[in-house]
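Kindly generate the complete structure, drawing on both the sequences and the hints.
Listed below, chain by chain, are the residues.
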Amino acid sequence: MSETKEHAHHIVSPKVYVVILLALLVGTAATVGASFIDLGIWNPVIALGIACSKATLVVLYFMHVKYGTKLTKLTVCAGIFTFLCLIGMTLSDYFSRAWGQW
Amino acid sequence: MSDSHAIAPPNTTDGNAHHEHPPYLRHHFESTEQQADAAGFAMWLFLLTEVMFFGGLFTAYLIYRNWYYPAFVAGSHQLNVVWGTLNTVVLIFSSFTMAMGVWCAETRRKKGLLLSLSLTVLLGLGFLGIKTIEYREKIEKHHVPGSSYSLQSFLNPETDPAASEAGDKPLQLDMAQHTEVYFSLYFVMTGMHAAHMIIGVGILIFMIVRASAGAYTNGHVTFVENFGLYWHFVDIIWIFLFALLYLISRHPA
Numbered sequence: 017m018s019e020t021k022e023h024a025h026h027i028v029s030p031k032v033y034v035v036i037l038l039a040l041l042v043g044t045a046a047t048v049g050a051s052f053i054d055l056g057i058w059n060p061v062i063a064l065g066i067a068c069s070k071a072t073l074v075v076l077y078f079m080h081v082k083y084g085t086k087l088t089k090l091t092v093c094a095g096i097f098t099f100l101c102l103i104g105m106t107l108s109d110y111f112s113r114a115w116g117q118w
Numbered sequence: 005m006s007d008s009h010a011i012a013p014p015n016t017t018d019g020n021a022h023h024e025h026p027p028y029l030r031h032h033f034e035s036t037e038q039q040a041d042a043a044g045f046a047m048w049l050f051l052l053t054e055v056m057f058f059g060g061l062f063t064a065y066l067i068y069r070n071w072y073y074p075a076f077v078a079g080s081h082q083l084n085v086v087w088g089t090l091n092t093v094v095l096i097f098s099s100f101t102m103a104m105g106v107w108c109a110e111t112r113r114k115k116g117l118l119l120s121l122s123l124t125v126l127l128g129l130g131f132l133g134i135k136t137i138e139y140r141e142k143i144e145k146h147h148v149p150g151s152s153y154s155l156q157s158f159l160n161p162e163t164d165p166a167a168s169e170a171g172d173k174p175l176q177l178d179m180a181q182h183t184e185v186y187f188s189l190y191f192v193m194t195g196m197h198a199a200h201m202i203i204g205v206g207i208l209i210f211m212i213v214r215a216s217a218g219a220y221t222n223g224h225v226t227f228v229e230n231f232g233l234y235w236h237f238v239d240i241i242w243i244f245l246f247a248l249l250y251l252i253s254r255h256p257a
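Here the protein sequences come in this chain order: A and B. Under the working numbering, the first residue of the first sequence is numbered 17, with each subsequent residue one higher. Under the working numbering, the first residue of the second sequence is numbered 5, with each subsequent residue one higher.
Hints may contain errors.
[Claimed, not checked] Simulated restraints on C-beta separations:
| no. | chain 1 | residue 1 | chain 2 | residue 2 | range |
| --- | --- | --- | --- | --- | --- |
| 1 | B | 90 | A | 115 | 37 to 45 Å |
| 2 | B | 115 | A | 34 | 16 to 24 Å |
| 3 | A | 46 | B | 32 | 45 to 53 Å |
| 4 | B | 153 | A | 94 | 35 to 43 Å |
What the hints contain is simulated information worked out from the structure, not anything from laboratory work. These numbers were taken from a predicted model, which means no experiment stands behind them. Don't be surprised by glycine CBs; every beta carbon is placed ideally from N, CA and C.
Set out below in structure tokens:
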């Protein structure tokens, strides 16, 4: 667990890739299946929730972030955080500007 | 590639004195690990600019969907879920073959690397082929925004198989016209995604040529690894496009 340990190049085994591939296929089947059931307001929530889970699996395992350096993890987290701030502020502005005027 | 040699001092009596490191290590890095970390960091910074680029498009989509909700539902019903699902599966498999390509490079398996990269190219072309079929359908139905855009499917949904199957009601004229906004966003977002795929396929072919000459399986895997990051990123964009464009409006609340 020393500092140099972090820099050792981690080779992710094909077994991990196969498991993630299967998880992504199951996720795809689940999201398509859920879209054919009428769940009202929950349809978009479930679709986006599954999409986010699939994206997380790709980032952590296919893109090796789980085994990456602290710098990589910080970069990814900072990017997602900045993106969520920007999209959150923009959407709250658009959705609230005419609040109470209809 | 050659600059690490260019800055080596020329006074070599012993030719090997300056080369007790792999030839691909540039002299401004202390170690190959540091060099690989720096390249990976740079790749992630590039991907963050891509996140912001596609993020702007996704934000535009969410705002217009909120404003013109009935138009976006009717527009979404024109997309074929079967083709969309098939393309998602194709792209997930191509991400898997790319990940296997990185593993083959890391474990110095030249044949495996060539096979993985070739399969990734084929799956990428398969995705683009299916996308072409979908675009063709849109062109034939005059759903491409512009002077020949047709409101037929939205004013008279009973004449359109996809719309009547989804049970669409006729839209008011002004709302029907807003379906053009949906298709504008559809073509810009899937088109930019397809452009990234085409660039990716080009780089994959470049890598196949280099790999068959022995590159990447000599311990220097940075290029394959960072291209893998790009390819997986393009996969993630599609995961969200599929959910937002094809799936979430199947059942209008």
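Hints the structure fails to honour:
none
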